[in-house]
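Undergrad: Got chain A sorted already, so can you dock chain B onto it with the hints?
2 protein chains.
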Amino acid sequence: MKKIKITFIGAGNVATQLALAFKKKGHQIQQIYSRSTLSSEILAKRCNTIYTTNITEIQNDADVYIYAVKDSVLQDLIQAMPICNGLHVHTAGSMPINLFENSQTNYGVFYPFQTFSKNRDINFEKLPLFIEANTEKNSTYLCKIAKNISEEVIFCSSEQRKALHLSGVFACNFTNHMYAIAEELLTQANIPFRLVYPLIAETSSKINDLQPKEAQTGPAVRYDRETIDKHLKALNNLPLEKEIYRLISKNIQRYG
Amino acid sequence: MKKIKITFIGAGNVATQLALAFKKKGHQIQQIYSRSTLSSEILAKRCNTIYTTNITEIQNDADVYIYAVKDSVLQDLIQAMPICNGLHVHTAGSMPINLFENSQTNYGVFYPFQTFSKNRDINFEKLPLFIEANTEKNSTYLCKIAKNISEEVIFCSSEQRKALHLSGVFACNFTNHMYAIAEELLTQANIPFRLVYPLIAETSSKINDLQPKEAQTGPAVRYDRETIDKHLKALNNLPLEKEIYRLISKNIQRYG
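So the sequence lines, in the order shown, correspond to chains A and B.
Heads up: the first sequence begins at 26 in the numbering used here, then just goes up one per residue.
Heads up: the second sequence begins at 26 in the numbering used here, then just goes up one per residue.
Just so you know, these hints were derived from the structure itself, not from any lab.
Wrong hints could be hidden among the right ones.
As the list makes no split between identical chains, a pair holds if one copy fits it or if it spans any two.
As the list claims (entries may be wrong) - Using 27 angstroms as the maximum straight-line C-alpha spacing, the simulated DSS-like pairs for lysine-lysine come out as follows: (1) Lys151 <-> Lys231; (2) Lys169 <-> Lys255; (3) Lys267 <-> Lys143; (4) Lys50 <-> Lys231.
None of the values given here were measured: they were computed from a predicted structure.
Bound conformation, chain A alone (with noise of 0.2 angstroms):
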């Protein structure tokens, strides 16, 4: 497609990946606007571009506008913003389309289903891009811009994206704790955090080959009372947790 002009709203781990993935595809980035001063600064470095504070200063210009900000304040930069003639996209896993529908005339959802951290670099192509626009015009032209830097781009409801964001909670998020508890109970018994790698890795691929009913093991799914009871008796200091193994375990007992 044709190179295109495109304006973050937005300074963070999304807004710098996307930004950094688009430029890369030779589209230019635009303007950055973010309300720090030092993030918009070094992302608009990043890209060779400009950057602006006050949301009124956005220019009208620009193809699309992506919006890659905390969900708290999407709803005040969205009523802030001048009136441009372009797309403009939320990133928003739990928030739904129709934030837009008083405020612009092109709109629409582009939700990355992946988790952004500073300083590591996403491979973007494989990447499900999940996407949801107001028009039939705007879904087709936002499903071209996507393909740009993804191979996996799915339309999406609004309700269908609150569901995979919630997902994404527990596929992401609560695994990351599951980490970190385990990473407690290591420093607890003076065993590195690194030894536990090579599982974690295991336990995350297997799942490319078997549905993860199949792919469970442990005493919970053995129903190996025993070992669940010490386990608990272990966790007697960790009351939380201990509550976490309980109705994990049972939960389990349920999927079978």
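TA: Relative to chain A, chain B alone:
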């Protein structure tokens, strides 16, 4: 080290993977025991050796006896086993070394910290092997044996191994259940589970660079009450998952 003779008590996933790993390094698998004719026959064939389904028929001249069986039958098998001068080791994370103390002279534990599945070959080279033995001499010998198949051999007490095993339940079994819940939610929303693979892969590889606490993202760690409430509401038809969501979110906030 010189070629040794190893007998396996058990013919399941762990026994299979270990037997193949030792065979590959040139050691001789002397005999396989399993109560199941089919399992023992299959593994014996793959190891080019003989098998028995009668524990009393185990030959007494192997150098090492590796017990890789379910925790629930381990003690009975140890008691039924003929006295043999070789080194006897079990592979159970949550079982103490002293199971052997009234049965054999030379014994220990050989605990591979990994999840083993049928038909998935494990790379042993970096796999942490936690070992323990009843004498200094047996420790040294067991360490030498273990180093044949892995660079990562760690001495660890039965007490430490308990914590290790428990940490593995969180890092592997419970993590896999988080995937199972994600799958359930995606299926309900008519979204293919495979679209969550990149998120899962990134989540697990992130902790090679960041401690889990630093890597934590999501509504809980942001204290994003609005999103948490939306998610809890969306889980109304799944009360156990809802409670798991609530507790893990609470614990994420406690870890900060």
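Undergrad: State for each hint whether it applies.
TA: Structure-based check of each hint:
no., hint, verdict
1, Lys151 <-> Lys231, "both (18 angstroms within a copy, 17 angstroms between copies)"
2, Lys169 <-> Lys255, "neither (55 angstroms within a copy, 31 angstroms between copies)"
3, Lys267 <-> Lys143, "neither (32 angstroms within a copy, 30 angstroms between copies)"
4, Lys50 <-> Lys231, "between (33 angstroms within a copy, 25 angstroms between copies)"
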